[in-house]
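Undergrad: Using the sequences and the hints given, assemble the complete structure.
Line order of the protein sequences matches chains A and B.
All letters in the first sequence, in the order written, are residues 39 to 458 by the numbering used here.
All letters in the second sequence, in the order written, are residues 605 to 943 by the numbering used here.
Take the hints with a grain of salt, since some may be wrong.
Some chain B residues judged to face chain A by a derived CB distance under 10 Å, without partners named [as the list claims (entries may be wrong)]:
#, residue
1, Q659
2, A695
3, E698
4, R712
5, D715
6, M737
7, G747
8, R767
9, A782
Don't read these hints as lab results, they were simulated from the structure.
All C-beta atoms, glycine included, are put in the ideal place defined by N, C-alpha and C.
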Amino acid sequence: MTTITDPKQGQFRLSMLLYDSRYRAITIQIIALIGFLTLIGWLLSNTAQNLAVLSKEPSFSFMFEPSGYDINQRLLDYDSQDTHLRASLIGLLNTLLVAAMGCVAATIIGVIIGVLRLSPNWIVSRLTAVYVEGFRNVPLLLWIVFTMAILIETLPRPSAFRKGEASMSLWDTVAMTNRGIYIPEPLFSRSLGDMHLLGASALRFDVSLDLLALLAVVIAGFLTSILIKRRADIIQEATGLRPRTWHLRLGVVMLPFLLVLTILGFHLGYPELKGFNFRGGIHLRNSLIALWVALSLYTGAFVAEIVRAGILAVSTGQTEAASALGLRPKRTMSLVVLPQALRVIIPPLISQYLNLTKNSSLAIAVGYMDITGTLGGITMNQTGRELEAVLLLMLVYLAISLTISAVMNWYNQSVTLRER
Amino acid sequence: MKKTVFLGALTVAGLAAGVSAAATLEDVKARGKLNCGVVTGLVGFGAPDANGEWQGFDVGFCRAVAAAVLGDPKAVEFVPTTGKTRFTALASGEIDMLARNTTWTLTRDVDLKFEFVGVNYYDGQGFLVTKDMGVSSAKDLDGATICIQTGTTTELNLADFFRANNISYEPVPIETNAEGQQQYLAGACDAYTTDASGLAATRASFEDPSAHVVLPEIISKEPLGPLVRHGDNEWEDIVRWTLNALISAEELGITSANIGELSAAPGSNPEVNRILGTEGNLGEMLGLDADWAKRAIMAGGNYGELFAKNIGESTPIALARGLNAQWKDGGLIYSPPFR
Ligand SMILES: N[C@@H](CCC(=O)N[C@@H](CS)C(=O)NCC(=O)O)C(=O)O
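TA: Put into structure tokens, the structure is as follows:
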């Protein structure tokens, strides 16, 4: 005789979908999914239908038409007869340039400020706190526009240099004007020339053979330097004495490098005032500087907080144990604290890099010709292909972001704790 | 941010169907307001005055259409648009018409799917430079930094002009006229280029206009005119014939001073009578009432009055009629007949 009756098996009523907790979750999910798909479907069909009414069937052929407009900052050759595709590529490179410059600068600023914020010195820690809060709490767009305004309004115009009201800085090598900063450029009087790749296509580009030669020499130098280190390690293990190698290791990298520079006839080209503007040298435009500085300072504030959190996350016991073992403070930092802190720092750092890259699309505010300014700006406007241009733009940003994530995740994996 | 743009684009497309399928006239009447796209601020053509009221040559045309359709020249919602946002605003139905010194080109007419209802200002692209630069011709601008509004025809002309003359320049892309003015005055660019009328208007707003000159070269044709979306011919007709009414009114001597008298009873000129609705049923054909053109002309005066009051020689902008004189006076302004 049993007092407990088994639940009746196999009896399924529709109401159970809602009242039975075993099914409810699934029911809700399926309903939500259907709703979501309907919404997407509606958006898509609506778009297609409405574009058809406007007789604007989606087409990407406009990308292969001549763009007709000029771009001031070009990392590759480009003129107004090139296609919209080429213009987009120029814009993409500008996006990548400012993003890369921004990520590097933001990391440096962030690490320095993050460490300083933990400083026992009251003034230093306060000042860095003011920096962090100031930048984190004011919209980035304002910082970009503000930096641009400072550059335009405070630096002298090129005409002031002609009239002698302003002069070049750093022994006449750098010109700071309100149109940007001109710095010396590397030139080779016995240049090996360029290698033209991909013919006349929209993706064509040149590779400087001088650069390749220098790279090859440097890489070879580093490899030799590693060999020397290995040898020193072996000697140290065998005899306990480590031979002095730093001068050798420096020499194998630097001497061939300097030799190749001399062979190629390396010299610097200085900016010179000619006509309306400075010519020669590398022109860092206002728009690039404003965007770069603002992005770096803004993101740097976030990175500083991440670095600070990372260091604080390593328990003080670690530091104490390290010093009990006799490690000096600098070694404690580099051998014990930082490797552990990195594990905490990297994942949020990835999202800061992603943010910085996406935020670089605010370039439009200062007329920096990034991909939002070319493909998503002028091209979209002159061709009237809003939908296509925005879709392409989204794909591009998605691809950049996924790439950054992948690289950083790979790096993260290489520093995570490996349990044995 | 990207996502919003995408959703925006989808909604744009979504809205567009709703709008172009339905009659714009009905929408405007139901709303009781005309949504008119104008510049973000270009004194003489369209800018809010000290009281926040929009004034200007293009603004006056918006008011004339509102008066014709809704009976009230004040029933206009002015939507400021930049060179870049104007077409999306029109295509999406956010505005019913665009009156914003916009050049009539084949691409805009055919590929971007708009309809220009006529030309209200025949213009061309010029260059504004400071006098002390000592430049007398645009061809002397080799190597100059030039401010240029993006999303405009002027941006494309600029590229063509320098290419054709085989000289170089550095473009500084800007978004609005105000931004261009600021950069130009700060010396971040040597020259500012856009439609000559826009340059005159911009120069007039400088502290010391006499320190700046507009170079003699006009490097392009810029017929500026109001436009509407492709596909709603009834609305297009209304906007087109409102412009023609203003132009014909000047030609036939109908002014805001004498219009009350002329419209009181049919007079001796049959075309005047037809325009003012004292004869015939032209208004009815347009789906409006008999007084439509009378109200449009009363809103700000005829074409000549609008011109003189906003950009004419007695204003700081001081534009001569030139090409924009009536055909009878040797200009290009010409309206088809009202019959
Ligand atoms: N006509 C040219 C240029 C029109 C244009 O953008 N003009 C400028 C300068 S006159 C303007 O109206 N700016 C006013 C503003 O930025 O709101 C076009 O249609 O593309």
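Undergrad: Each of the hints needs a verdict: does it hold here or not?
TA: So, going through the hints one by one against the coordinates:
1. Q659: 27 Å, violated
2. A695: 7 Å, holds
3. E698: 13 Å, violated
4. R712: 8 Å, holds
5. D715: 6 Å, holds
6. M737: Nearest chain A Cβ about 8 Å off; hint holds.
7. G747: Holds - the Cβ of G747 of chain B comes within 10 Å of chain A, reaching about 4 Å at its closest.
8. R767: 6 Å, holds
9. A782: 13 Å, violated
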